[in-house]
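Make a model of the complete structure from these sequences and hints.
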Amino acid sequence: MSGRGAGGLRVLAVDDVAPALDELRRLLLESPDIADVATAPDAITALRLIQASPFDVVFLDISMPAMDGMELASLLTRMTDPPVIVFVTAFEEHAASAYGIGAVDYLLKPVGRERMRAALDRVRRFIASDTGATPARASVDALAAVPVELGGRTRYVRRDDVRFAEAHGDYVRLNTPSGSHLVRIPISQLEKHWQPAGFVRVHRSYLLAVAAVRELRSDISGGLLAHTDVGDVPVSRRHARELREHLLEAATRGEFDAGAAPPTGRERR
Amino acid sequence: MAAAPEPGRPRRSGWWRRGARARLGPDAMAAVAEGRRVAASVRAGLDGPGALAAARRLRRLLGADAVGLSGLSGVPTWSGHPSDQVAAAELLQRVLRTDARAARGRLVVLPLHARDEFVGALVIDGEVANAASLEAAALLGEALDRARLEASADVAEQAELRALRAEISPHFVYNSLTAIASFVESDPERARDLLLDFAAYTRHSLARHGDYTTVAGEFQAIEAYLALARAVLGERLRVQVRIAPEILPVALPYLALQPLVENAVRHGVELTGAGGFVQVSGQAEGTECVITVEDDGPGMAPGYAADVLAGRGRPGSLGLMNVDRRLRTVFGPGYGLVIETADGAGTKVVLRVPRFQPGVVAQ
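Going down the list, the protein sequences come from chains U and C. Position 141, counted from 1, in the first sequence is what the numbering used here calls 141; the numbers after and before it change by one each time, with no gaps. Position 262, counted from 1, in the second sequence is what the numbering used here calls 262; the numbers after and before it change by one each time, with no gaps.
Quick caveat, the hints were computed from the structure, so don't treat them as lab data. Don't take each hint at face value.
Unchecked claim - Pulled from the structure, derived: some chain U residues nowhere near chain C, Cβ distances all over 10 Å:
| # | residue |
| --- | --- |
| 1 | Arg10 |
| 2 | Arg25 |
| 3 | Thr39 |
| 4 | Ala52 |
| 5 | Ser63 |
| 6 | Arg124 |
| 7 | Thr154 |
| 8 | Arg158 |
| 9 | Leu182 |
| 10 | Ala250 |
| 11 | Ala251 |
As the list claims (entries may be wrong) - To spell it out: a stretch of chain U is covered by chain C in this simulated footprint if at least three of its residues, at any positions, have a beta carbon under 8 Å from a beta carbon of chain C; those stretches are:
| # | stretch |
| --- | --- |
| 12 | 207-219 |
| 13 | 239-248 |
Claimed, not checked - From chain C, some residues computed to sit far from chain U (all C-beta separations above 12 Å):
| # | residue |
| --- | --- |
| 14 | Leu24 |
| 15 | Asp47 |
| 16 | Arg60 |
| 17 | His81 |
| 18 | Arg115 |
| 19 | Thr178 |
| 20 | Arg203 |
| 21 | His267 |
| 22 | Pro302 |
| 23 | Ala310 |
This one's a predicted model, so the numbers in the text were calculated from it and none came from an experiment. Using N, Cα and C, we set each Cβ at its ideal position, and we do this for glycine too.
So this is what it looks like as structure tokens:
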């Protein structure tokens, strides 16, 4: 579809509880790249608005009188060019059926800022892949090993040996058990290449191999650290949830058991 | 069917009348075994799916021509055919009305009782000694009795598990809300974050969907709880949480971990008046998941710790016992809590569960 996502997202928020609707609108307007937020207090008004002008994404409360969010969503998915749907609800019993309808995300009220940001990231990724604007993946495996200069000679660092990468301006420092190496590449660029290989951005300056995490540590101030065998990586609050999800998925697949090195850093105070 | 009667054995045996003592031997044991099978068959009740099997076995044991079992519905399950269907039905109805034995010719109908309650009737058609009939009725009554006891024990256990689920401490709720209220003007940003934590905490504590969560889910609730506890206790509370990712998917009953942390914060820090350090760490040890919650508070005498786990602690100290009981009920007696403590030496609670347990799945 033409122009979708360009110039900011056009958002519709639907909720029958007025304060909840205000709060949702406020949160959305705080987020970057939002062109406009329209609101509707019920499903019928929402349908009218959608017919009058297209929206990129609809944030939808589930429990509403007359027509509930689920019903509205299943109507919307039958449109030729449906908006992306994100459910917002106070109670999580509906999650399974929500994803069944094809919702891109599912938020629990009250919604936190980080959670809203993650949902909007997801929406944008979904719209980008929908319009075919997927980033080139051909070069992914070209970076399975990265050339580094070492004493005037070119050596290669294997991606699989890298525990985490740390940004230094236009360079990143790749941290491996055999040492660390500076490479000239912006961290955002490296993230694009390595994301499919199990790396996640956990901080403005850090890219982390999920399988390298030996322990998650949170300290007194509530800050979170991912401990690896070559050092600790700070995890920013906005990335904490995503990292936890990646870790849970990886652990469910048994990735930390298969020939995993004995957990180090078990030091006790 | 190991105990099917041998062909050569007289069907209408007079073993009862001639005195059991003389006939005791392998055959007698076979009869006992058969009696046990009768008991097992009626476990689901006289109208249950095992009624036919029970009637068949009883018919063989008694050497009767036909045996019928009926619940209070009055529709008997027959093994064999009674010589007079109409008479049998009439007699059965009479017994179900009067709760008293009735007989006509070779036909005998005996009322059955479980826990002194009238539950149905046994119909016997054939040359069967009176004592043997009474014995059969007694066997059925006892079996039904036991089945009832077992069923009610199951129900009680389920109810107990549900009741044992830790409750949200009102004390903590109001302290949290007070702390949040105090931040509303001075630090609205923090007040907002704390409200989100409060929502996460109550959402987890009120969860009704499924009985199990994951270590990941439980830790999320703990993080929310700790954020609130920090708001309430301020600098007095120092916390460190360390968790190995491989245990994140391990299934746990809801609120198996959080009460331990709440307990450490309350007894290790809050009630001491001074500050305290609470450390939570979780890791895999072979096929087990081991989570420890430690505080450097006043600790307690080891004997008192044992009393707490046995439910003999002070009122209000039931949290740990609840968790321990639930873990043992779900995972077996080899698992549960261990308390390491001494007077003045802090308290360390170790929770041990299997990493994989068939039938225990987080929702």
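For each hint, the structure was consulted:
Every C-beta of chain C lies more than 10 Å from that of Arg10(U), the closest at about 27 Å, which supports listing it as non-interface. The beta carbon of Arg25(U) sits about 16 Å from the closest Cβ of chain C, which is more than 10 Å, so the claim that it is off the interface holds. With a minimum CB-CB distance of about 21 Å to chain C, Thr39(U) clears the 10 Å threshold, and the non-interface call stands. Every C-beta of chain C lies more than 10 Å from that of Ala52(U), the closest at about 34 Å, which supports listing it as non-interface.
Distance check on Ser63(U): its Cβ is at least 16 Å (rounded) from any Cβ of chain C, clearing the 10 Å threshold; non-interface status holds. Interface exclusion of Arg124(U) from chain C stands, the closest Cβ pair being 23 Å apart, more than 10 Å. With a least CB separation of 35 Å from chain C, Thr154(U) remains clear of the 10 Å interface cut-off, as annotated. The claim that Arg158(U) lies off the interface holds: its Cβ sits roughly 22 Å from the closest Cβ of chain C, which is beyond the 10 Å cut-off.
Consistency note on Leu182(U): stated as away from chain C, and its beta-carbon is indeed over 10 Å from all of that chain's, at 28 Å minimum. Interface exclusion of Ala250(U) from chain C breaks down, the closest Cβ pair being 7 Å apart, not more than 10 Å. The non-interface label for Ala251(U) is inconsistent with chain C: the shortest C-beta to C-beta separation is roughly 5 Å, within 10 Å. Under the rule that three or more residues need a Cβ within less than 8 Å of chain C, the assignment of the stretch 207-219 of chain U holds, with 7 such residues.
Given a C-beta distance limit of less than 8 Å, the hint that chain C covers the stretch 239-248 of chain U holds, as 3 residues qualify and 3 suffice. Consistency note on Leu24(C): stated as away from chain U, and its beta-carbon is indeed over 12 Å from all of that chain's, at 58 Å minimum. The Cβ of Asp47(C) lies farther than 12 Å from every Cβ of chain U, with a closest approach of about 36 Å, so its non-interface assignment holds. Every Cβ of chain U is farther than 12 Å from the Cβ of Arg60(C); the closest lies at roughly 52 Å, confirming the non-interface assignment.
At roughly 53 Å from the closest C-beta of chain U, the C-beta of His81(C) stays outside 12 Å, upholding its exclusion from the interface. No beta-carbon of chain U comes within 12 Å of the beta-carbon of Arg115(C); the shortest separation is about 40 Å. Every Cβ of chain U is farther than 12 Å from the Cβ of Thr178(C); the closest lies at roughly 19 Å, confirming the non-interface assignment. Against chain U, the non-interface label of Arg203(C) is violated: not every CB pair exceeds 12 Å, the least being about 7 Å.
Chain U leaves His267(C) outside its interface by the beta-carbon criterion, the shortest separation being 19 Å against a cut-off of 12 Å. For Pro302(C), the condition that its CB be more than 12 Å from all CB atoms of chain U holds, with the nearest at approximately 21 Å. Listed as outside the interface, Ala310(C) is consistent with that label: its C-beta sits roughly 30 Å from the nearest C-beta of chain U, beyond the 12 Å cut-off.
Figure legend: structure checked against the earlier numbered hints; hints not met, in rising order: 10, 11 and 20.
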